[in-house]
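Chemist: Sequence:
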Amino acid sequence: MSLEKIYKSMFLLTILLGIGFHSPSTAIFGEGPNVQTNDFTMITKPQTFLIQSDPIHITNDNDFLVFPGSGTKTDPYRLENYNISSEIQNFGMNISDTTKYFVIQNCFIKVKQVGIWISWISHGTAEIKNNTCIGHDTYGIDLWDAPGTLIDNNSLTSNNINGINCIDSDDVTISNNILSLNEENGVSIRFSDDITISNNICEQNQVGIEVYFSRIPILEQNYCFDNKKSGIYLWEINTGDIKQNQLYGNLGPAFHFKDSEVVHLKENEVINNTIGFYLDESHYFDIYNNSISNNKNKGIYLFNSNECKITYNFIELNTGYGIMLNYSSSNLIHHNNFIQNNLGGLSQAYSKDGINNFWYEDEMDKGNFWNEWLGTGDYFIEGFWGEFDLYPLEEPVKIPRIEIEEQNWYFYIIVIILPLGVLIYIISFFSKKRRVGFAHYTKETSDYIYFKRKIAYSKEVGVGLFRFGMKGGEVVKADLESFDVNLDEFIGFCYVTVGQGHRYETGVYGPLPAPSIIGHSMIIFTFWGKDDVQSDPRFKGKQYYLVSVIFPENKTEHLIKNDVMNKRFRTYIKKFKYPNRLSSEELNFFKEIVFI
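Residue numbers for the sequence shown follow the working numbering, beginning at 9 and rising by one.
One thing to keep in mind: the hints can contain errors.
Simulated crosslink set (DSS-like; lysine-lysine; CA at most 25 Å straight-line) [said to hold, decoys possible]:
id, residue 1, residue 2
1, K462, K569
2, K120, K81
3, K585, K575
4, K563, K575
5, K485, K582
6, K374, K462
7, K538, K467
8, K460, K569
9, K274, K237
10, K266, K304
11, K538, K575
12, K374, K304
13, K251, K237
14, K274, K251
15, K304, K237
16, K485, K538
17, K360, K460
18, K550, K575
19, K550, K538
20, K236, K317
21, K120, K550
22, K563, K266
23, K266, K462
24, K563, K485
25, K575, K485
26, K251, K266
27, K374, K406
28, K251, K236
29, K274, K317
30, K266, K569
Here are the in silico distance ranges between beta carbons for each label pair [as the list claims (entries may be wrong)]:
id, residue 1, residue 2, range
31, N494, D83, 35 to 41 Å
32, N168, S466, 18 to 24 Å
33, V270, L495, 36 to 42 Å
34, S338, L488, 39 to 45 Å
35, S591, I568, 19 to 25 Å
36, R589, T204, 33 to 39 Å
37, N562, E489, 19 to 25 Å
38, N68, N168, 28 to 34 Å
39, S591, L259, 45 to 51 Å
40, L325, V572, 32 to 38 Å
Rather than coming from a laboratory, the hints here were simulated on the basis of the structure.
Keep in mind that this is a model prediction, so the values were computed, not measured.
Cβ coordinates follow ideal geometry from the N, Cα and C atoms, glycine included.
Please work from the sequences and hints to get the whole structure.
Modeler: So, in C-alpha cells, the structure goes:
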C-alpha cells in the first residue's frame, strides 16, 4: 500500500471519527508537547525533523555503540527520530541477541515486511515508544522471545497482518497504542505469560486484541470498536483479569473465550456487538458488575462451559436472550438486572442440556431482577429442563458502578489523526526525492533472516511429534505430506539414536541423516511432558516425546547454533502441559525455531 493511499485512509478515518463520537472534552492540558487525557498520554506534536535512515540491524551489544547512551537501565541506548522508508527492504529495525538496555522512540517506519522486529533479548531491556509503523506486509511491531518489553504510545495502522505481534515473550506491557485498519489483529499475543494490555484503542481490525495460550494476562481499559470479528478473542487463557474495557459495534462477539479457565470479567461495558460475552468450553469464570446492552444476539452465551458465577451485571435490550446456557452445568446466576431482553419471547434467559444451574443465591433466597415478572411465583427459564429463578427480585439490583472515564475523542482526532496524516504526507513527499541506500545481502542483514523464514515454511521442510514407550514409538502429529517416508523405519532410527532407547536423554541432537528420505537431514529435540494416553507405566504419569524437523541437506548452513536452538526449544515447549495436544500451527513453529 502506498503512502498516498494510507494518507487517504487516515483522512477518511478522521471524518468517520468526527461523525461517530460526541464525547465532551475532559482533557487536562500539560506542559510541553504532550496532552494527557484520562491517563492516556499521546504525542501531540508530529516530529517535523526526522533523520533519513536506512534500516537498522543489530545482532549483538557492540552494534549499539554508534548510538547515544551507555546501555544501562538509567541511560539506555537511544534509537530515535529516524525516518526509515523503503518499498524494498523487509525490516525497518531488527534487533536480536542483545543484553543491553535500549529505547526506540519518535520514529516513522514504513518498509516492506516488518516495521520493528525484536527477538531473543534479555528481560526488560527494550522500550518502544511514540513511533508510527504503518502499511507493512506483516506486522508493525514483532516480538519473539523479548520478555519484559514495553510498547507504549505508538500508532500501528494499515498493516497486512497484525499491528503488534508478540510470541514467546513473557511480562510484556502494551499500553496507550492506537491500532487501526490492520488486516487481521490489532494486537496478537501467543505463548506469552504475565502480559498486560491496557488503555489501547483497537478499531477496524479483524479482531481488536487476540491472546492465545497465556497465563495471568491482564486486559484493562482498552477500547475496541467496529472490528470485523471479535473485539477481544482469548484462547487457552488461565487466571486472567479482564476489567474496565469498552467494546462497541464489533461484528462478532465483544468477548470470545475458548478453552479458558479462572478468568475474572469485571466492570466491562459491551454495547451493540453481535454477542456480549461468548464462553466456549471455558470454566470457572467470575462475571461480575458488567454492563451488557443492545447486542444484536445474546448478552451472555455459555456453550459447554461449567462452574461459572454470573452476578451483579446489568443486562438490557439485547435482541436475543440476556443469558443463554447450552450444554453448560453447575453455573450460579443471581443479583443481575434483566431488562427487556428477547422482547416478544417467553423468557429473558434460556438453558438447555445442562444440569445443576441455579438462578438464585440459595442461602439468602435471592435471585435476579426481571423487568416483566408479575410479582408472584417463580420466573420461568426457557429451555427443556424446567429451570426457574425461585426467588426473583421485586426491585432492580443496586449494582456498584465504577465509572470508566471516556476518551477525549475530539483531541484524539485533532491532535493525533490530523497531524499524523500531515506527517505521513510530508514524509511521502520528501522520501521520493532521496536516494535510499541498501545494505548488502549477507548473513547479517534482515533480508537474510527473511530468506531463512521462507526456508522454514517451504514444502521442503517437515516436522513430526512422536511419543516413545515400552513398545517403541508412534506418531502423535506430523506434517510430512511432502515426503515419501517409511514412518516405522524413521521412528526406529530416532528411537535408537537418542540413548539407544534406554537412557531417555533430553535436548537437541543433530544434524543427523534423515532415514528413508534421500538428500535430507534432521534435527531432533527430546523432552518430557504429560500425555492424555499413557504409553509406558514406568514413566509414572510422564511421557517421553521427540520432535524431528526434517530439511534438505543443502540448507544445513542456514541452521542456528545448537545451544541457541536448545534454549529456544526448551522455552517454547514449557508452554504446553500436554504436548500431545499441540495444534498443527503450534507444531510448525518448531521449524521456525530451527532456522531463525
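Chemist: Flag every earlier hint the structure violates by its number, smallest first.
Modeler: As far as the earlier hints go, 2, 6, 7, 12, 17, 20, 21, 22, 23, 30, 31, 36, 39 and 40 are violated by this structure, in ascending order.
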